[in-house]
Amino acid sequence: MVGIVGWGAYVPCYRIKAETIARQWGGDPESVRKGLLLEEKTVPGMDEDTITISVAAARDAIERAGIAPHEIGAVYIGSESHPYAVKPSGTVLIDALGIGPHVHVADYEFACKAGTEAMFVAYSLVKAGQMKYALGIGADTSQGAPGDALEYTASAGGAAFIMGDDKVVAEIQATYSYTSDTPDFWRKELEHYPQHAGRFTGEPAYFRHVLAAARGILEQSGHQPQDFAYAVFHMPNGKFPLKAAKTLGFTREQMEEGLLVTTMGNTYSGSSPTGLAAILDVARPGDLILLVSFGSGAGSDAFVFQTTDHLPALQDKAPKIRTLLERNRRYLDYGQYAKFRRKIIFNSPV
Amino acid sequence: MKSAQYIREVPQRYRLEAGKCTGCGKLHFPPRLVCDGCGSREFEAATLPRQGTLLTWTVIHAAPPQFSLETPYVVGIVELDGGVRLTCQVADCDPEELAVGAPVELVFRRIKEDNAADIIQYGYKAVLRRE
Ligand SMILES: [Zn+2]
Numbered sequence: 001m002v003g004i005v006g007w008g009a010y011v012p013c014y015r016i017k018a019e020t021i022a023r024q025w026g027g028d029p030e031s032v033r034k035g036l037l038l039e040e041k042t043v044p045g046m047d048e049d050t051i052t053i054s055v056a057a058a059r060d061a062i063e064r065a066g067i068a069p070h071e072i073g074a075v076y077i078g079s080e081s082h083p084y085a086v087k088p089s090g091t092v093l094i095d096a097l098g099i100g101p102h103v104h105v106a107d108y109e110f111a112c113k114a115g116t117e118a119m120f121v122a123y124s125l126v127k128a129g130q131m132k133y134a135l136g137i138g139a140d141t142s143q144g145a146p147g148d149a150l151e152y153t154a155s156a157g158g159a160a161f162i163m164g165d166d167k168v169v170a171e172i173q174a175t176y177s178y179t180s181d182t183p184d185f186w187r188k189e190l191e192h193y194p195q196h197a198g199r200f201t202g203e204p205a206y207f208r209h210v211l212a213a214a215r216g217i218l219e220q221s222g223h224q225p226q227d228f229a230y231a232v233f234h235m236p237n238g239k240f241p242l243k244a245a246k247t248l249g250f251t252r253e254q255m256e257e258g259l260l261v262t263t264m265g266n267t268y269s270g271s272s273p274t275g276l277a278a279i280l281d282v283a284r285p286g287d288l289i290l291l292v293s294f295g296s297g298a299g300s301d302a303f304v305f306q307t308t309d310h311l312p313a314l315q316d317k318a319p320k321i322r323t324l325l326e327r328n329r330r331y332l333d334y335g336q337y338a339k340f341r342r343k344i345i346f347n348s349p350v
Numbered sequence: 001m002k003s004a005q006y007i008r009e010v011p012q013r014y015r016l017e018a019g020k021c022t023g024c025g026k027l028h029f030p031p032r033l034v035c036d037g038c039g040s041r042e043f044e045a046a047t048l049p050r051q052g053t054l055l056t057w058t059v060i061h062a063a064p065p066q067f068s069l070e071t072p073y074v075v076g077i078v079e080l081d082g083g084v085r086l087t088c089q090v091a092d093c094d095p096e097e098l099a100v101g102a103p104v105e106l107v108f109r110r111i112k113e114d115n116a117a118d119i120i121q122y123g124y125k126a127v128l129r130r131e
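Residue numbers (our numbering), protein chains in the order written: chain A, 1 to 350; chain B, 1 to 131.
Read the hints as simulated data drawn from the structure, not as lab findings.
Among the hints, erroneous ones may be present.
Think about it this way: if two alpha-carbon atoms lie no more than 30 angstroms apart in a straight line, the pair counts; the simulated BS3-like pairs of lysine-lysine are [said to hold, decoys possible]:
1. K320/A with K239/A
2. K339/A with K2/B
3. K87/A with K112/B
4. K17/A with K112/B
Derived coverage of chain B by chain A (criterion: at least 3 residues anywhere in the stretch with Cβ under 8 angstroms from a Cβ of chain A; other residues may be distant) [stated by the list, open to error]:
5. 10 to 17
6. 25 to 36
7. 39 to 46
All C-beta atoms, glycine included, are put in the ideal place defined by N, C-alpha and C.
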């Protein structure tokens, strides 16, 4: 049996309310809250980035797994906000956590689904018998352009999963991917903010790929929507995953636990993985979980997990993601937010 | 910062590796060449715990250029479980929340960049344990 043997998730303590952003740009706070189902989002501290978020999440994953860091044979970080354009995020992480130097490291990119790519490859390496443990991480500190619709949702956070074949807490029963050339959202080299194709990001992009991957994995695994205790779909806002769930025949109850977006925002590569972490924090043995990510460009990765008797003992070994979302929330006004995210030009060395 | 200097400090700044004297057992952080307890020159690496308490702190209002955007910020002295003391920033808090003896833990954060094109220097900061 191969699957998750340890997990961890992290969000920064800073927040900005959707209302605060709406007021800055003369938008209507109510229409943002109702239209996107979003109250507030996380903001990285000035000393946080994809690497520090990944280290925090992976430290808890190692703690839960109860393994020695150097037993991990591969580390993959999926993100669209790696701090360096050239120099992998994973190189810093493996030295911070004592995993290296005898380890295979790579950074992945695929808009919001880079995290599930990392998880997929980590899982596949363990399944192939190449190594005992492999670590897959999804984390981001993404930005929307000032005044752009994405600014309401682009947030910071991530989750880390150690794959192994001993004391598995959530077995991976099936995987499925669906990918096409769909230019719904992109950013070219040296461009600061991404471009997106407005409404085109919905039906031809998010829904086409998420629904196809979900239908594909349901057919492949022989499961029906009602078999699952929980489902989590990529959360670019609150509305899209709930609409996808409804179309596929999943209920609001199956979605509730993983639906962190309303108070976390869209953590991009960390989005559906963080939702999965929230589910593992509370699931009971034997629960079936469906995860479907989405990355613009575009593609979806789907996983069917089944939790085991080993799960409950690990749940309290590290902070739960909903605890991190609720404690020590530090609200920023728009000016502080612009400074934190370096949206204004400074006459200073950095 | 020079890359050669940076990687020399990685074991301490990233992983809190202290030098433990094999003569008298005293922990030195950062490690040193000669033990000031017994004069021994033999050490083994020991990883310090990340938990500790806040001994004292000050609030920085006039900062060096690399930290000027972060003011006001807190710098404190932390005593880790086991007794080793170190100086670092205390992040994610208001000074009014701090107290002598407050439980803290060390987290991995960006410390500074000397300029926008330079390497990012990572290391430890303390945050309040809020369980
Ligand atoms: Zn000594």
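Hint-by-hint comparison with the structure:
Using a Cα cut-off of 30 angstroms, the hinted pair K320/A and K239/A holds, with the two alpha carbons roughly 24 angstroms apart. With a CA separation close to 28 angstroms, the supplied pair K339/A and K2/B stays within the 30 angstroms bound. Distance restraint check for K87/A and K112/B: the Cα-Cα separation of roughly 17 angstroms lies within the 30 angstroms cut-off, and the hinted pair is therefore satisfied. Taking the CA atoms of K17/A and K112/B, the gap is near 28 angstroms; set against the 30 angstroms cutoff, the hint holds.
Residues of the region 10 to 17 of chain B with a Cβ under 8 angstroms from some Cβ of chain A number 3, which satisfies the need for three, so the listed coverage holds. Counting residues of the region 25 to 36 of chain B whose beta carbon lies closer than 8 angstroms to any beta carbon of chain A gives 0, which falls short of the minimum of three for the stated coverage. Proximity of the region 39 to 46 of chain B to chain A, defined as three or more residues with a beta carbon under 8 angstroms from a beta carbon of that chain, is not established by the 0 residues found.
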